[in-house]
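For reference, each letter of the sequence shown is one residue, going 1 to 234 in the working numbering.
Keep in mind the hints are simulated off the structure, nothing from the lab.
This one's a predicted model, so the numbers in the text were calculated from it and none came from an experiment.
Between beta-carbon pairs, the in silico distance windows are:
1) 169 to 120: 16 to 26 Å
2) 116 to 93: 33 to 43 Å
3) 163 to 87: 33 to 43 Å
4) 132 to 169: 32 to 42 Å
5) 131 to 70: 30 to 40 Å
Calculated pairs, SDA-like style, for lysine to any residue (alpha carbon to alpha carbon, straight line, at most 25 Å):
6) 99 to 137
7) 99 to 126
8) 99 to 158
9) 99 to 133
10) 99 to 128
11) 99 to 124
12) 99 to 42
13) 99 to 125
14) 99 to 131
15) 99 to 40
16) 99 to 81
17) 99 to 46
18) 99 to 84
19) 99 to 144
20) 99 to 132
Don't be surprised by glycine CBs; every beta carbon is placed ideally from N, CA and C.
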Amino acid sequence: MRAALRFLAGAVTGLLIVLLLGAAPAQAAGYRYWSFWRWSDGGWAYQQQGPAVHVPADGAVEGWRFAVSPDGGQQAARPGPAGDFAALCAGTPAEAGRKRVAVVLDFGGPADAPARETPPEPRSACAVVPTRASSAEVLATVAPPLRYDGNGLLCAIAGYPRAGCGEQLGGAARPTGTADPSTGATATGPADATGPVAAGASPGAAGPALGVGAGLALVLAVAAGARWQSRRRR
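Hey, can you work out the whole structure from these sequences and the hints?
This is how it looks when you write it as structure tokens:
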């Protein structure tokens, strides 16, 4: 009887381990979107503020990269070209009362492109704008047409891509009104082209939790049965 109980205890422990491992969340899916960067200390740094809020200084260099990336932050794909302001704005004279901001656009590679679309070659521009112009206004000056979705989220720069907005690859469709993956900001105006950070559980998210609950109920039932059987045989 003791051996049987030890065997049962081992089986219960193994079942619990399997159930808990099965409940672990899956890795986040990738999203296809424009991410927003700034040139700093010889490299591209992730821009923490959305372009509708951020006001670049004279001499700033801003970068945009279209790619399939995780849902934002430092793990998003960076622009490929360097951000040398002196070179990018060499042919654009300064103007009194206005600022110059260099912009680098990296449209990504074929693997990042939506179906039946070909990414343009990377390009750069030097915007001359009012001193209080935001990054969104800078971008509109040098890379029209821009396309936004119904929540005011930026979907396309210079008309690319022609359709779609922050699609999640291999997952559920983007819920409306969710956060921007490249800035973490909610939809309050122009922002990076986005994929969402899900606000709440996704469809089917209750599945693992229900599985653990059912497994625990089974374990308790088996343990109770073994205890009753042990008392009966005494």
